[in-house]
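So in UniProt numbering the end of the sequence shown lands on 652, straight run, no missing numbers.
Take the hints with a grain of salt, since some may be wrong.
What the hints assert, rightly or not - Only pairs whose alpha carbons sit at most 27 Å apart, straight line, appear in this in silico DSS-like list of lysine-lysine:
1. LYS104 x LYS207
2. LYS572 x LYS537
3. LYS548 x LYS572
4. LYS409 x LYS572
5. LYS207 x LYS374
6. LYS631 x LYS568
7. LYS631 x LYS374
8. LYS548 x LYS374
9. LYS537 x LYS548
10. LYS302 x LYS640
11. LYS410 x LYS436
12. LYS569 x LYS410
13. LYS436 x LYS448
14. LYS537 x LYS410
15. LYS374 x LYS108
16. LYS426 x LYS443
17. LYS537 x LYS341
18. LYS555 x LYS569
19. LYS517 x LYS561
20. LYS548 x LYS569
21. LYS341 x LYS555
22. LYS548 x LYS517
23. LYS561 x LYS341
24. LYS568 x LYS517
25. LYS108 x LYS16
What the hints assert, rightly or not - Ranges between beta-carbon positions, derived for each pair:
26. GLN357 x ARG479: 28 to 34 Å
27. ASN432 x THR607: 52 to 58 Å
28. HIS536 x THR607: 41 to 47 Å
Since the hints were derived computationally from the structure, they do not count as laboratory data.
The C-beta atom is built at its ideal place from N, Cα and C for all residues, glycine as well.
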Amino acid sequence: TSARIFLCFSFISNFKRLVNTETVETKSNTLSCLHGIRFLTMSWIILGHTYFLANFQALQNAEKGMPYGKLFAFQVILNGSVAVDSFFCMGGLLVCYLTLKTVKLDGKPFSVFLYIVHRLWRIYPAYIMVILIPFLDYMLSSGPLLYHLAHPHYENCHENWWTNLLFINNFYGVDKPCLVHTWYIATDLQLYIAAILILLPILRWPKVGISLTVLGILVSLLSTGVQTYVQDLAPAMLFVHFNPAKRLIPIIQTIRFCGGQQIAVRRHRDGGRIGLEEPEKNVGNFRSLMRYRANNGDNHLKDQLMNSSGRSMYASSLIRNEIINTFGHLIQSEIMRNVRKSIFYSVLADETTDIRQIEQFSLCVRYVEDQSYKIREDFLTFVPVYDVTGAGLANTVLETLSILGLDLKKMRVIANVTSVLDLLSKQRVNANDNFKTLYAQVKEIAAKLDIKEEIPRVCRLQTARNNVPYSTEEEYHRRAVYVPYLDDFCNSLKERFEFHKETVASIQHILPEFCTKTDFYSLEAAFNFYEEDLSHKEVVQSEFIFWKERWSLEKSENLPKTAISSLKKCDKTFFPNIYILLKLLAVLPSSVATVERGFSSLRRLKTYLRNTISESRLTGLALLSIHRDIKIRDVEVLDKFASVPRNLDFVL
1 TSARIFLCFS FISNFKRLVN TETVETKSNT LSCLHGIRFL TMSWIILGHT
51 YFLANFQALQ NAEKGMPYGK LFAFQVILNG SVAVDSFFCM GGLLVCYLTL
101 KTVKLDGKPF SVFLYIVHRL WRIYPAYIMV ILIPFLDYML SSGPLLYHLA
151 HPHYENCHEN WWTNLLFINN FYGVDKPCLV HTWYIATDLQ LYIAAILILL
201 PILRWPKVGI SLTVLGILVS LLSTGVQTYV QDLAPAMLFV HFNPAKRLIP
251 IIQTIRFCGG QQIAVRRHRD GGRIGLEEPE KNVGNFRSLM RYRANNGDNH
301 LKDQLMNSSG RSMYASSLIR NEIINTFGHL IQSEIMRNVR KSIFYSVLAD
351 ETTDIRQIEQ FSLCVRYVED QSYKIREDFL TFVPVYDVTG AGLANTVLET
401 LSILGLDLKK MRVIANVTSV LDLLSKQRVN ANDNFKTLYA QVKEIAAKLD
451 IKEEIPRVCR LQTARNNVPY STEEEYHRRA VYVPYLDDFC NSLKERFEFH
501 KETVASIQHI LPEFCTKTDF YSLEAAFNFY EEDLSHKEVV QSEFIFWKER
551 WSLEKSENLP KTAISSLKKC DKTFFPNIYI LLKLLAVLPS SVATVERGFS
601 SLRRLKTYLR NTISESRLTG LALLSIHRDI KIRDVEVLDK FASVPRNLDF
651 VL
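With the sequences and hints as input, model every part of the structure.
Below is the structure:
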């Protein structure tokens, strides 16, 4: 007998019985050929649960086990869900076989009541005993994994045991299931009852029943295929983490709040778990807000903080940086979308020095909203620059706009000259005070280099030297060098951009307030400058005549006086070129105040306490702070975050 016991575990002795397809009549009226399939399928399921579920639950860092999923031999475990489907298939086969045999061969009537009661009578006794196991396990067990393994089952069964007895635990209480694997029992019973809808037609109207069966199979295959294609589902349970939305949404909302209020998201050494108890030390705004939220009604977040490992909270500094960058990309994308609809735009740019003495170039874009006809000046990004020459700044602007995806051919103005002129004009007005400070610094440097202070001799006839009157050496250098240099530089800038002033003065004549008092000749300078954006000259001239006639009968107080008010009154179907000129006039910047406001945000974000912030993080926080009017939904951030390639896929 001992030899027979060992032979039960012999693969060689039992292989033929496992693959035997002959059906032997038994008292239980079962299909004996299914025994081998049952055994192999059950072994498959046990193997999958052992490796894929039980072992991974005991790991603090589950990602350590993920490389095994890339092995070919491990695919049997990852695709274990197919094994469960084979049980459903066998269950349906046995239900139809036994029912048809009882009715057709034995001649017994089909009773729906006995059909259901018989199944419940067989399930309930053993099922109730299994549900009691978590309660006994929690009271009798001990060890380091007790809290992580036994405690969740005890709490879930204490709350949702009744859903198992009603066989609805696969629909109700799925977030806290009592014995998670018992979903199969509920699903199997539901399919067992639903089989009545197939059995009754087959028994009474065989052709109708068979047609319904074939139709059900086709609908099942088609719906699964469409869902897999539309949602781009993974072919197997490979590197899948289910339902991250409940974990990430509170984090996304907290980061949005911190960014909008311009308060620090990170603090020195703020890693590790986020506890529910108030810590002794300040752990930063983000962690404090998460704790406050969990302790005041957010049960999902509270459960996450209590039961998740440190690596599965999605609250690390890397994840936060990625979410901030995602916010920045989405806000920039929304601005870019509006700019492309507007077609024409202008760029406002200026630079300043941050707390780390890095030259930060602030870029803003001015455009007209396509639907509302509102002028918008939106901050785009901060760019560190190391070449502050004109060519260097121009290249920085063009490269950044290209990276952002803007069409450089539609850019009409780069407005940073005005700020330079304003700065130089202030220097000229306060020349005495500014030069006194500058001169003291120069004398200090000259003393270190042993350079004596000298004044060129005064010549009788002024040819190559300035014979300006002076009483001190400082006054001489101020009047002979500093002031003339500022005057010459300002005049050169004004002369260089005088042509643009002429263009602006010309294009203003397209406004109804001025067009009724002038002719097309006053608009010719603007036409020559924007000729590539317009139709032939005669066409534009004809439009201008009709445009002028359109407003000649209106009272002066009713005439639109701005580009935006004129755009609202301009029909772009009848006046396409006038519409373009009005849009070009609207995008011409009058100041760089928006850029200056960006500098204000920069000073509040990058302080002496946060001077190592990265450029992408700085831009993301600035966009969150400045563009509070651009509404980015949490689910958009989640979708963008999940679309980034990573070792761990997200199923939303």
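Going down the list of hints, with the structure as the test:
Using a Cα cut-off of 27 Å, the hinted pair LYS104 and LYS207 holds, with the two alpha carbons roughly 16 Å apart. Distance check on the hinted pair: LYS572 and LYS537 sit about 18 Å apart at the alpha-carbon level, within 27 Å; holds. In summary, the hint linking LYS548 to LYS572 is supported, as the alpha carbons are separated by about 15 Å, within the 27 Å threshold. A threshold of 27 Å between alpha carbons decides the hint, and for LYS409 with LYS572 the separation of about 21 Å falls inside it, so the pair holds.
With a CA separation close to 67 Å, the supplied pair LYS207 and LYS374 exceeds the 27 Å bound. Our distance criterion of 27 Å between C-alpha atoms is met by LYS631 and LYS568, whose separation comes to about 26 Å. About 17 Å separates the Cα atoms of LYS631 and LYS374, which keeps this hinted pair within 27 Å; it holds. For the hint pairing LYS548 with LYS374, the CA-to-CA distance comes to about 24 Å; that is within 27 Å, so the pair holds.
Taken as a hint, the LYS537 and LYS548 pair is honoured in the structure, with Cα atoms around 16 Å apart against an allowance of 27 Å. Distance hint between LYS302 and LYS640 is fulfilled; the C-alpha atoms sit about 25 Å from each other, no more than 27 Å. Proposed proximity of LYS410 and LYS436 is contradicted: the alpha carbons are some 46 Å apart, above 27 Å. Note on LYS569 and LYS410: the hinted pairing holds, with a Cα-Cα distance of about 24 Å set against a maximum of 27 Å.
At roughly 19 Å between alpha-carbon atoms, LYS436 and LYS448 fall within 27 Å of each other, so this suggested pair holds. Among the hinted pairs, LYS537 with LYS410 is consistent with the structure: their alpha-carbon atoms are about 20 Å apart, no more than 27 Å. Annotation: proposed proximity of LYS374 to LYS108 is violated, straight-line Cα distance about 80 Å (limit 27 Å). Using a Cα cut-off of 27 Å, the hinted pair LYS426 and LYS443 holds, with the two alpha carbons roughly 24 Å apart.
At most 27 Å may separate the alpha-carbon atoms for a hinted pair to count; LYS537 and LYS341 meet this at roughly 26 Å. Of the pairs offered as hints, the one joining LYS555 and LYS569 holds, with about 15 Å between alpha carbons and a cut-off of 27 Å not exceeded. Pair hint LYS517 plus LYS561 holds up; C-alpha atoms about 13 Å apart against a cutoff of 27 Å. Proposed proximity of LYS548 and LYS569 is supported: the alpha carbons are some 13 Å apart, at most 27 Å.
In summary, the hint linking LYS341 to LYS555 is not supported, as the alpha carbons are separated by about 33 Å, beyond the 27 Å threshold. Proximity of LYS548 to LYS517 is assessed by CA-CA distance (about 9 Å); at most 27 Å being required, the pair is judged to hold. Only pairs whose Cα atoms come within 27 Å are accepted, and LYS561 paired with LYS341 is accepted, the gap being roughly 24 Å. As the CA atoms of LYS568 and LYS517 are separated by approximately 21 Å, the hinted pair is consistent with the 27 Å bound.
At roughly 36 Å between alpha-carbon atoms, LYS108 and LYS16 are farther apart than 27 Å, so this suggested pair is violated. In this structure the supplied range 28 to 34 Å holds for GLN357 paired with ARG479, their Cβ-Cβ distance being about 33 Å. Between ASN432 and THR607 the CB atoms are about 34 Å apart, so this pair departs from the stated range of 52 to 58 Å. Our hint of 41 to 47 Å for HIS536 and THR607 is violated, since their Cβ atoms are close to 57 Å apart.
Violated hints, listed in ascending order, are 5, 11, 15, 21, 25, 27, 28; each of the other numbered hints is respected by the structure.
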